[in-house]
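Colleague: When we follow numbering that gives the first Met the number 0, the leftmost residue of the sequence shown carries the number 0, and every step to the right adds one.
Be aware that one or more of the hints could be misleading.
Unchecked claim - Each computed SDA-like pair below joins lysine to any residue, with the alpha-carbon atoms no more than 20 Å apart:
1) Lys103 with Gly115
2) Lys256 with Thr230
3) Lys5 with Arg305
4) Lys256 with Arg234
5) Lys271 with Ala86
Hints are computed from structural coordinates only; laboratory data are not their basis.
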Amino acid sequence: MDIPEKFPPLALTCGDPAGVGPEIIARWLRENPREASGVVAVGPRSWLDSLPCAGVAVGPRDFRLSPGAPNEAGQRVALEAMERAAAGTLAGEFAGVVTAPVNKAGLHGVGYEFPGQTEFFAARWGGVPVMAFVGEKMRVALATWHIPFRDVPEALTAETLRNAVAAADFLARAFAEPGATALPRIGVCGLNPHAGERGAIGTEERDRIDPTLAALRTDFPGLSDCVPADTIFRRQLLGEFDVVVALYHDQALAPLKTLEFDSAVNVSLGLKHVRTSPDHGTAYDIAGSGVASARSFACAVRAARRLVRA
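Generate coordinates for the entire structure from the input sequences, incorporating the hints supplied.
Modeller: The structure is reproduced here in structure tokens:
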């Protein structure tokens with residue numbers, strides 16, 4: 000699926016140079032040689048020299064990859080690649096960014112102030128971010144993500160829920176089949192077991208969340224009330240919902256990674272530009288062995304291109 004000529008290329012950041020990012024990008028390019036003209040890799044010069052696509056070098060010229068052995072210099076390269084890709088997208092040089100995995104703890108050691116890449120790109124581009132995921136079977140938008148679980152109930156404000164529902168609506172429309180006219184069907188997870196059982200197991204759904212969803216239904220007619228989270232994803236797989244809104248990180252990621260570890264894509268919605276990434280980490284234990292799959296990265300590129308059009 001090529002981007003038409005009116006769109007600039009996508010930037011591909013190297014991620015942590017000690018992780019699997021550089022090799023899955025190289026593998027994807029080998030397996031998809033026609034894709035090279037539509038992307039620009041951003042990373043260390045020694046890596047770029049081995050790739051069959053255009054590149055933008057960052058970091059010291061003598062920097063070399065060290066698969067499986069993360070270090071401070073590599074963290075600085077990963078951060079510089081993100082900064083360069085974000086700035087290039089703002090300048091119109093890139094249509095969007097596909098990011099390889101980073102080590103957030105390692106980045107914090109070199110001054111990185113964000114809990115994840117979603118928040119980084121929100122700070123650089125503007126907008127109100129919503130973390131979302133697209134797989135072959137599942138599509139999920141998160142109301143909250145990188146916060147402690149104890150903070151989730153209070154974070155579920157009317158504004159937070161509206162942002163998540165609006166992102167879910169956009170996601171459903173962007174990935175709808177050509178010619179589809181039906182309104183997106185959006186299912187919302189309950190916070191408590193059995194979605195609170197009308198207040199018997201928790202009052203958040205009855206007193207705050209469901210009333211907010213009722214008000215949002217004017218703009219999003221296909222929006223559900225809170226649905227028990229232990230059944231909602233099966234109902235999505237059976238075709239009842241186009242997108243699910245999860246209320247916290249693991250509520251979405253546990254089923255998603257169980258079913259679609261190699262095919263799910265992390266999508267940052269609500270921003271002024273497109274950013275996607277494969278839904279896996281740096282995988283230091285297999286970095287450099289040549290066994291890392293490029294499937295999730297390929298899906299991330301396809302998703303980025305679809306979102307650029309949308």
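Colleague: Check each numbered hint against the structure and report the violated ones by number, ascending.
Modeller: none
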